[in-house]
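Student: Residue numbers (my numbering), protein chains in the order written: chain A, 1 to 335; chain X, 1 to 190.
It is worth saying that the hints were derived from the structure and are not from the lab.
No residue lacks a Cβ here, since even glycine has one placed at the ideal position from N, Cα and C.
Careful, some of the hints might be misleading.
Stated by the list, open to error - Cross-link-like lysine-lysine pairs, in silico, DSBU-like; alpha carbons within 35 Å at most: (1) 129/A with 167/A; (2) 105/X with 281/A; (3) 167/A with 210/A; (4) 44/X with 14/X; (5) 61/X with 134/X; (6) 134/X with 34/X; (7) 61/X with 167/A; (8) 281/A with 34/X; (9) 34/X with 129/A; (10) 167/A with 44/X; (11) 15/A with 61/X; (12) 281/A with 11/X; (13) 70/X with 210/A; (14) 281/A with 14/X; (15) 293/A with 34/X; (16) 42/X with 11/X; (17) 152/X with 61/X; (18) 44/X with 175/X; (19) 167/A with 34/X; (20) 210/A with 11/X; (21) 61/X with 210/A; (22) 293/A with 281/A; (23) 281/A with 42/X; (24) 210/A with 293/A; (25) 44/X with 210/A; (26) 210/A with 34/X; (27) 14/X with 210/A; (28) 34/X with 80/A; (29) 42/X with 134/X; (30) 42/X with 167/A; (31) 105/X with 152/X; (32) 152/X with 11/X; (33) 134/X with 175/X; (34) 34/X with 44/X; (35) 15/A with 129/A; (36) 105/X with 14/X.
Unchecked claim - Facing chain X, according to a computed beta carbon distance under 7 Å, are these residues of chain A, among others: (37) 194; (38) 195; (39) 204; (40) 209.
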Amino acid sequence: MQPAESARHRLGILKIRAAILRAVRGYFEGEGFLEVETPARVRNPGQEFHLVAFPAGQDRFLITSPEHHMKRLVAAGGDKLVQFCRCFRAEEVGPIHQPEFTMIEWYRTESSMDQLMADCEAIVAVAAKVAGQGQSVPVPASRGLGGSRLPVAGPFERYSVRDLLRKHAGITLRGDETPAQMRDLARSAGCPVDDLAGWDDAFFQIFLDKVEPHLGVFRPTFVEKWPAPLAALARREANDPLTAERFELYAAGLELANAFGELTDPSEQRGRFEAELAARKHSGRTIYPVDEKLLSALGQMPPTCGIALGFDRLVMLVTGAVTLGDVQAFPDDEV
Amino acid sequence: MATYDTSDIRKGLKVMMDGHPFTVVEFQFVKPGKGAAFTRTKFKNLLSGAIFERNIRSGEKLESANVETKSMQYLYKEGDAFVFMDTTTYDQVNIPDATIGDDAKLMPEQIVVEVLFFNDRAVGVTLPNFIEQKVLATEPGFRGDTATGVTKPAQISTGASIAVPLFINEGDIIKIDTRSGEYLERVGRA
Chain A
1 MQPAESARHR LGILKIRAAI LRAVRGYFEG EGFLEVETPA RVRNPGQEFH LVAFPAGQDR
61 FLITSPEHHM KRLVAAGGDK LVQFCRCFRA EEVGPIHQPE FTMIEWYRTE SSMDQLMADC
121 EAIVAVAAKV AGQGQSVPVP ASRGLGGSRL PVAGPFERYS VRDLLRKHAG ITLRGDETPA
181 QMRDLARSAG CPVDDLAGWD DAFFQIFLDK VEPHLGVFRP TFVEKWPAPL AALARREAND
241 PLTAERFELY AAGLELANAF GELTDPSEQR GRFEAELAAR KHSGRTIYPV DEKLLSALGQ
301 MPPTCGIALG FDRLVMLVTG AVTLGDVQAF PDDEV
Chain X
1 MATYDTSDIR KGLKVMMDGH PFTVVEFQFV KPGKGAAFTR TKFKNLLSGA IFERNIRSGE
61 KLESANVETK SMQYLYKEGD AFVFMDTTTY DQVNIPDATI GDDAKLMPEQ IVVEVLFFND
121 RAVGVTLPNF IEQKVLATEP GFRGDTATGV TKPAQISTGA SIAVPLFINE GDIIKIDTRS
181 GEYLERVGRA
């Protein structure tokens, strides 16, 4: 495409993007949410092992997600909070990754994971409608069955991680395997892993190779009941400590959203933070000060469910865009 | 043997897996939420041509393959083998019929091709994408016939029979796509 033609095409997408954003804001307003803005430059940008944050001045980094500060507002009494913000993740560039992207993150206190799923179904439906799609959206050949459409009317499919692994990889996962046992499980499923692979590395090798290609192909799919080692900031189920209250939403090859029944136990959260920081330190990654302000707020937090949804990917889904950069004004390589 | 990691992956990188040499034909960044980065990589087996895909975790090591390509000129056929000469060192190698396969029928003498060596043994030959050849024999076409898509066979000097349009005559020079074996255009007239 010629530069002028490409810019015109992009403006067309940006108009749809703006309309979707308005409609999603309208949904949250209708649900009685308070829209907030929290700092983009923070001391602890989120310390998950596989995230790399951009430094932003003395003792500050750009957020990889607004989670920590959103939770402090929940602890302060916010019962329905939503934020639309830019997040930043270094070293992530690909067809569905850009180092800058827009996240919609929302929290509901005294609520349920089912309610967050209902929110997702409503948001996908309203976005599809605004984008001029009916009950289904176009799926580009690069992400699915060529030339097909994905129905997006709810309810979406729901599967547990363990059921998916049994069905597509033929393995039974407990959640308390040693790394070596996990590597053996991966190999028995026909997934090559080296001896350096940790528990989660082996897990994701199986998940990417065997499970992900089947997710969200015929309907958007919620993947729920994640094994405890992948709990991140989620609480474990009361009657099953090997399972975390977490779900992800997949549709047409896109991972759209990640939700937690939020962990509000400060001492368990401190233990997980310290383990993550030790792992970061061990492998030479940047380490951040433990977020003490978050930890002291957690004690005041009521039972809460929270979720982050990638807005750019939502726009991709309902427009049939091939790359995430296609739905942004200027992807990283055009800056 | 050198090793690569995922950050070295690019199109054309040659690696060894399960004892076979592969070349990278496509790759992209993928990253499951909360998980490590992977490079979804499509490989072509340099011996069989088979394509397969693998998700390679960041930090995994790949072994380099001892393969190289050399520009060589096809000199002549000798028994069941074709004799090639390295255009820089003038070294000669014999490559058997079976390794070259159907391409032999589109390989005129003196043509310069890319020869792939694996562990110093020639394992494949890649012709230039296009060759120009003289038509040795073909039935005369019907003058004034304007039908399109109608073809007739034409014999070229390398032994291949190419489907050509009716207006092609013996002695014409035609351009052929060696990947498909198809006629492209007439570039010279007898």
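Student: Now, for every hint given, state plainly whether the structure supports it.
Tutor: Each hint tested on the structure:
Using a Cα cut-off of 35 Å, the hinted pair residue 129/A and residue 167/A holds, with the two alpha carbons roughly 33 Å apart. With a C-alpha separation of about 62 Å, the suggested pair residue 105/X and residue 281/A falls outside the 35 Å cut-off, and the hint is violated. Taken as a hint, the residue 167/A and residue 210/A pair is honoured in the structure, with Cα atoms around 10 Å apart against an allowance of 35 Å. At roughly 10 Å between alpha-carbon atoms, residue 44/X and residue 14/X fall within 35 Å of each other, so this suggested pair holds.
Our distance criterion of 35 Å between C-alpha atoms is broken by residue 61/X and residue 134/X, whose separation comes to about 50 Å. A C-alpha spacing of about 62 Å is found between residue 134/X and residue 34/X, which places the hinted pair above 35 Å, so the restraint is violated. Our distance criterion of 35 Å between C-alpha atoms is met by residue 61/X and residue 167/A, whose separation comes to about 30 Å. The straight-line distance between the Cα atoms of residue 281/A and residue 34/X is roughly 18 Å, inside the 35 Å bound, and the hint therefore holds.
For the hint linking residue 34/X to residue 129/A, the alpha-carbon distance of about 31 Å falls within 35 Å, and the restraint holds. With a C-alpha separation of about 29 Å, the suggested pair residue 167/A and residue 44/X falls inside the 35 Å cut-off, and the hint holds. With a CA separation close to 44 Å, the supplied pair residue 15/A and residue 61/X exceeds the 35 Å bound. Annotation: proposed proximity of residue 281/A to residue 11/X holds, straight-line Cα distance about 34 Å (limit 35 Å).
Of the supplied pair hints, the one linking residue 70/X and residue 210/A is violated, its CA atoms being roughly 39 Å apart against a limit of 35 Å. A distance of roughly 34 Å separates the Cα atoms of residue 281/A and residue 14/X; the hinted pair therefore holds under the 35 Å criterion. Note on residue 293/A and residue 34/X: the hinted pairing holds, with a Cα-Cα distance of about 23 Å set against a maximum of 35 Å. For the proposed pair residue 42/X and residue 11/X, the alpha carbon gap of about 9 Å is at most 35 Å, so the pair holds.
Restraint check for residue 152/X and residue 61/X: the C-alpha separation of about 53 Å exceeds 35 Å, so the hint is violated. With a C-alpha separation of about 28 Å, the suggested pair residue 44/X and residue 175/X falls inside the 35 Å cut-off, and the hint holds. Of the supplied pair hints, the one linking residue 167/A and residue 34/X holds, its CA atoms being roughly 22 Å apart against a limit of 35 Å. Proximity of residue 210/A to residue 11/X is assessed by CA-CA distance (about 25 Å); at most 35 Å being required, the pair is judged to hold.
Proposed proximity of residue 61/X and residue 210/A is supported: the alpha carbons are some 22 Å apart, at most 35 Å. Pair hint residue 293/A plus residue 281/A holds up; C-alpha atoms about 22 Å apart against a cutoff of 35 Å. At most 35 Å may separate the alpha-carbon atoms for a hinted pair to count; residue 281/A and residue 42/X meet this at roughly 34 Å. Of the pairs offered as hints, the one joining residue 210/A and residue 293/A is violated, with about 40 Å between alpha carbons and a cut-off of 35 Å exceeded.
Restraint check: the Cα-Cα separation between residue 44/X and residue 210/A comes to about 21 Å, which is no more than 35 Å; the hinted pair holds. Proposed proximity of residue 210/A and residue 34/X is supported: the alpha carbons are some 18 Å apart, at most 35 Å. Restraint check for residue 14/X and residue 210/A: satisfied, since their Cα atoms lie roughly 26 Å apart, inside the 35 Å limit. Distance hint between residue 34/X and residue 80/A is fulfilled; the C-alpha atoms sit about 25 Å from each other, no more than 35 Å.
For the given pair, residue 42/X sits about 39 Å from residue 134/X by alpha-carbon distance, which is inconsistent with the 35 Å threshold. This hinted pair checks out: residue 42/X and residue 167/A have alpha carbons roughly 25 Å apart, not beyond 35 Å. Of the pairs offered as hints, the one joining residue 105/X and residue 152/X holds, with about 18 Å between alpha carbons and a cut-off of 35 Å not exceeded. Among the hinted pairs, residue 152/X with residue 11/X is inconsistent with the structure: their alpha-carbon atoms are about 39 Å apart, more than 35 Å.
A distance of roughly 9 Å separates the Cα atoms of residue 134/X and residue 175/X; the hinted pair therefore holds under the 35 Å criterion. Restraint check for residue 34/X and residue 44/X: satisfied, since their Cα atoms lie roughly 30 Å apart, inside the 35 Å limit. For the hint pairing residue 15/A with residue 129/A, the CA-to-CA distance comes to about 14 Å; that is within 35 Å, so the pair holds. Annotation: proposed proximity of residue 105/X to residue 14/X holds, straight-line Cα distance about 28 Å (limit 35 Å).
Annotation: residue 194/A was flagged as interfacial toward chain X, and the flag holds, the nearest CB pair being 6 Å apart, inside 7 Å. A least Cβ separation of about 11 Å between residue 195/A and chain X goes past the 7 Å threshold, and the interface hint is therefore violated. Because the beta carbon of residue 204/A sits about 4 Å from the nearest beta carbon in chain X, less than 7 Å, this interface hint is met. Hint status for residue 209/A relative to chain X: holds, with the closest Cβ pair at about 6 Å, below 7 Å.
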